[in-house]
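Q: Below are the chains, spelled out letter by letter.
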Amino acid sequence: MKMYLPPPGTKPTRRGFLKKGLLGGALLALGSGAFLFTRKSVLVEAPADGLSVLTEREFAVLTALSYRLIPRREGFPGVEVVQVARACDRILSLVDVTALTEMKQLLLLFENALPNFLFGRRASTFSTMSTDDQDAVLAEWQTSRLTVRRTGYTALRGLVMAGYFASDTTWAGMGYPGPHAGIHDANAPVWKGGGADRPLGNGTWRAPAAPTVDGGTP
Amino acid sequence: MTAGRIFTGDELTKDLTLECDVCVVGSGSGGAWTAHELVKQGRSVVMLEEGGYHTRREFDMTEPRAYQHLYQELGNRATDDLSMTILQGKSVGGGTTVNWCSSFRTPERILKHWRERFGIETVSTGVLTPHWEQIERRLHVAEWPLESINANNKVLWDGLGALGYERGLIRRNVNNCLNLGYCGLGCPVDAKQSMLVTVIPDAVEQGLSLYANTAARVLDWDGRRVTAVRAEVLDPVSKKPTGVKVVVKPKVTVVSGGAINSPGLLMRSQLLSEGRVGERTWFHPVMIMMAEFEHEVNAFHGAPQSVYSHHFVDRGPGKMGFFLEVPPVQPMLAATVATGSGLDTLELMTKLKHLQVMLAIHVDGLLPDEEGGTVRLREGSQSRYSIKYAFTPAHWEAFRTACKEMAKLQFAAGAKMVRSLHLAPVTLKSAADLDRLDAAAWAPVQVRVATAHQMGGCAMGKDPSSSVVDPHLKYHTLDNLFVVDGSVLPTSLGVNPQETIFGLARWAAGHIGQAV
Numbered sequence: 001m002k003m004y005l006p007p008p009g010t011k012p013t014r015r016g017f018l019k020k021g022l023l024g025g026a027l028l029a030l031g032s033g034a035f036l037f038t039r040k041s042v043l044v045e046a047p048a049d050g051l052s053v054l055t056e057r058e059f060a061v062l063t064a065l066s067y068r069l070i071p072r073r074e075g076f077p078g079v080e081v082v083q084v085a086r087a088c089d090r091i092l093s094l095v096d097v098t099a100l101t102e103m104k105q106l107l108l109l110f111e112n113a114l115p116n117f118l119f120g121r122r123a124s125t126f127s128t129m130s131t132d133d134q135d136a137v138l139a140e141w142q143t144s145r146l147t148v149r150r151t152g153y154t155a156l157r158g159l160v161m162a163g164y165f166a167s168d169t170t171w172a173g174m175g176y177p178g179p180h181a182g183i184h185d186a187n188a189p190v191w192k193g194g195g196a197d198r199p200l201g202n203g204t205w206r207a208p209a210a211p212t213v214d215g216g217t218p
Numbered sequence: 001m002t003a004g005r006i007f008t009g010d011e012l013t014k015d016l017t018l019e020c021d022v023c024v025v026g027s028g029s030g031g032a033w034t035a036h037e038l039v040k041q042g043r044s045v046v047m048l049e050e051g052g053y054h055t056r057r058e059f060d061m062t063e064p065r066a067y068q069h070l071y072q073e074l075g076n077r078a079t080d081d082l083s084m085t086i087l088q089g090k091s092v093g094g095g096t097t098v099n100w101c102s103s104f105r106t107p108e109r110i111l112k113h114w115r116e117r118f119g120i121e122t123v124s125t126g127v128l129t130p131h132w133e134q135i136e137r138r139l140h141v142a143e144w145p146l147e148s149i150n151a152n153n154k155v156l157w158d159g160l161g162a163l164g165y166e167r168g169l170i171r172r173n174v175n176n177c178l179n180l181g182y183c184g185l186g187c188p189v190d191a192k193q194s195m196l197v198t199v200i201p202d203a204v205e206q207g208l209s210l211y212a213n214t215a216a217r218v219l220d221w222d223g224r225r226v227t228a229v230r231a232e233v234l235d236p237v238s239k240k241p242t243g244v245k246v247v248v249k250p251k252v253t254v255v256s257g258g259a260i261n262s263p264g265l266l267m268r269s270q271l272l273s274e275g276r277v278g279e280r281t282w283f284h285p286v287m288i289m290m291a292e293f294e295h296e297v298n299a300f301h302g303a304p305q306s307v308y309s310h311h312f313v314d315r316g317p318g319k320m321g322f323f324l325e326v327p328p329v330q331p332m333l334a335a336t337v338a339t340g341s342g343l344d345t346l347e348l349m350t351k352l353k354h355l356q357v358m359l360a361i362h363v364d365g366l367l368p369d370e371e372g373g374t375v376r377l378r379e380g381s382q383s384r385y386s387i388k389y390a391f392t393p394a395h396w397e398a399f400r401t402a403c404k405e406m407a408k409l410q411f412a413a414g415a416k417m418v419r420s421l422h423l424a425p426v427t428l429k430s431a432a433d434l435d436r437l438d439a440a441a442w443a444p445v446q447v448r449v450a451t452a453h454q455m456g457g458c459a460m461g462k463d464p465s466s467s468v469v470d471p472h473l474k475y476h477t478l479d480n481l482f483v484v485d486g487s488v489l490p491t492s493l494g495v496n497p498q499e500t501i502f503g504l505a506r507w508a509a510g511h512i513g514q515a516v
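Those protein sequences? They're chains A and B, same order as listed. Okay, so the first sequence: first residue is 1 according to our numbering, each after it adds one. Okay, so the second sequence: first residue is 1 according to our numbering, each after it adds one.
One should not assume that every hint holds.
For the chain B half of the interface with chain A, some residues (derived, Cβ under 8 Å), not all of them [to be verified]:
no., residue
1, N76
2, P201
3, G380
Restraint-style ranges between C-beta atoms, simulated for each label pair [to be verified]:
no., chain 1, residue 1, chain 2, residue 2, range
4, A, L43, B, K351, 58 to 66 Å
5, A, L43, B, A3, 39 to 47 Å
6, A, V42, B, R436, 39 to 47 Å
These aren't lab readings, by the way, just hints derived from the structure by calculation. For every residue, glycine included, the Cβ atom is placed at its ideal position computed from N, Cα and C.
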């Protein structure tokens with residue numbers, strides 16, 4: 001039998017979550033196809049250590065998005081401090097190639113002036129808009145009657161939130177104390193069998209004089 | 001007896017061909033117990049696990065590390081339209097490495113339904129009870145003491161008491177638990193009695209060979225027999241294929257990849273059961289309500305799940321039931337699950353210490369017209385699937401009812417504000433505001449739906465024309481292929497599924513061994 005068979009009896013879903021019928025396909029064409037109503041993006045400086053998977057343009061869109069999805073608020077570090085767009089680029093470097101492709105298409109769709117014009121009468125790219133217009137575009141995607149636009153909003157929001165709140169620099173703003181100190185053992189033995197004695201751990205860990213609450217016998 | 005070994009991707013640098021009695025694909029709740037029982041019978045067993053071998057050395061209780069290494073698709077698995085987020089484990093130990101330790105035996109009413117609707121006579125309370133007793137002993141399953149529940153669970157307990165609803169304390173599979181609260185990120189002290197630290201090492205001591213970072217891609221089969229399992233080795237860091245191939249030639253194959261990956265493996269192998277593979281997938285869809293309290297809740301610390309209510313689990317004919325529990329509330333999970341504008345989310349997160357979160361977990365698959373979810377292959381990917389889920393009017397009725405009931409419970413326990421997880425959140429100031437939820441948008445991608453329980457897709461049943469495996473978990477048209485995991489469940493359960501799968505696996509290992 002041949003290895004890595006093509007999907008049997010299934011319809012390919014090349015464009016995944018955005019390709020929902022005719023309208024979804026049309027939206028994607030606007031985002032990833034030729035820029036029928038081309039406007040420039042505002043490029044931003046790429047991270048010093050380079051980009052993993054995003055292009056400069058995609059990085060610029062993500063940067064603009066992160067500023068609006070995580071606006072400045074006292075007690076929280078700014079997105080430039082956390083380097084949210086860079087963090088998102090690193091996250092995307094770990095995802096399946098199909099998910100990466102879809103996210104790239106979504107970023108360009110979000111940036112593209114033509115859908116912004118069609119849906120909101122704004123003839124400019126997202127990255128060049130005023131912050132008020134950017135907020136309005138985000139709100140339109142969030143509250144759209146079209147599921148595909150709400151899906152796109154949800155995907156972008158999730159990525160940016162993950163990129164931001166993955167940083168422990170955000171903990172203070174939430175009053176989150178972090179994990180308990182003195183518990184994690186970075187040198188704990190890793191047992192792989194092969195006749196070696198099974199160490200404490202692997203189900204036999206015992207707390208040195210630590211209180212337990214489940215009635216277990218230390 | 002020859003001691004077994006755990007191999008990881010960095011050690012697998014040359015193509016391998018292995019012969020054995022049984023190849024088990026997957027190391028979670030189904031695969032681990034099956035392999036454990038088979039090695040005890042003296043069978044030679046090779047286990048393949050796509051995820052990595054991560055242990056307490058790495059379990060530093062931080063979210064980014066955990067989601068990257070311990071969850072499918074970095075915790076981002078979801079239905080195609082993102083209407084449902086799917087939290088699913090991916091490492092040695094599978095979901096048991098990251099679940100919240102809740103241990104329930106299968107409810108009798110569910111087994112009765114399977115018997116009457118699907119002709120499943122093999123699996124009964126009487127048959128499974130001796131297995132559950134052994135399992136509970138090994139995994140130290142015991143009720144969590146009321147005096148040790150955290151404030152997040154206490155809200156549920158108090159609310160249930162105030163409203164006179166049924167309530168109970170959850171039995172947890174822990175030993176010497178320090179009540180830290182980071183079960184979902186990998187237990188840093190091995191107190192959680194997951195497969196990673198119990199049954200798998202037990203089996204390795206008795207001869208199991210476990211290949212981590214080794215993804216089964218396709219089953220070769222000829223006539224009525226599986227002849228080989230073809231796998232490829234993944235880099236432990238990048239998770240990308242290294243080019244090294246592993247071929248296992250077993251006498252019997254057991255697929256235990258869980259309710260999404262097992263159907264995926266069968267579909268890649270052109271084992272489709274006339275399209276039923278990947279159909280009728282059940283998710284226990286979860287509704288979530290967040291509440292703010294005057295006092296600190298600190299829901300990020302303390303045993304995550306210790307209180308439950310089955311008060312609404314059976315709501316009568318035509319209505320979908322739900323049961324109530326709570327989740328841990330660590331920052332990254334909370335912020336990504338929360339809805340509303342960016343500023344709104346930041347405001348919410350400033351109240352993290354005072355947030356209480358409640359879950360209503362819906363029992364899908366029991367209503368006559370439910371189709372559930374569908375899993376299909378996705379072109380260009382070996383690990384990401386096309387997943388769809390059909391919400392019905394019964395879902396939306398139950399979701400709305402559940403959100404109201406959760407808000408009632410939270411206010412009864414003293415909440416000063418409750419909010420829904422709609423894209424435009426509904427904020428309630430008191431129980432008098434509950435009707436505002438009726439006016440909210442109840443539609444896909446209008447309100448957050450999540451799942452941590454994946455079931456079905458390779459349903460067991462007596463009739464080959466309506467199921468994938470028979471009541472002994474054998475694939476209907478092949479003589480040496482079994483599926484042993486949550487994918488065989490013909491409906492959802494109405495309880496957290498790990499112990500049901502443990503029991504099925506330990507029971508099934510008996511006749512699987514005889515098939516060698």
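Q: Looking back at the numbered hints, which does the structure fail to meet, lowest number first?
A: 4, 5
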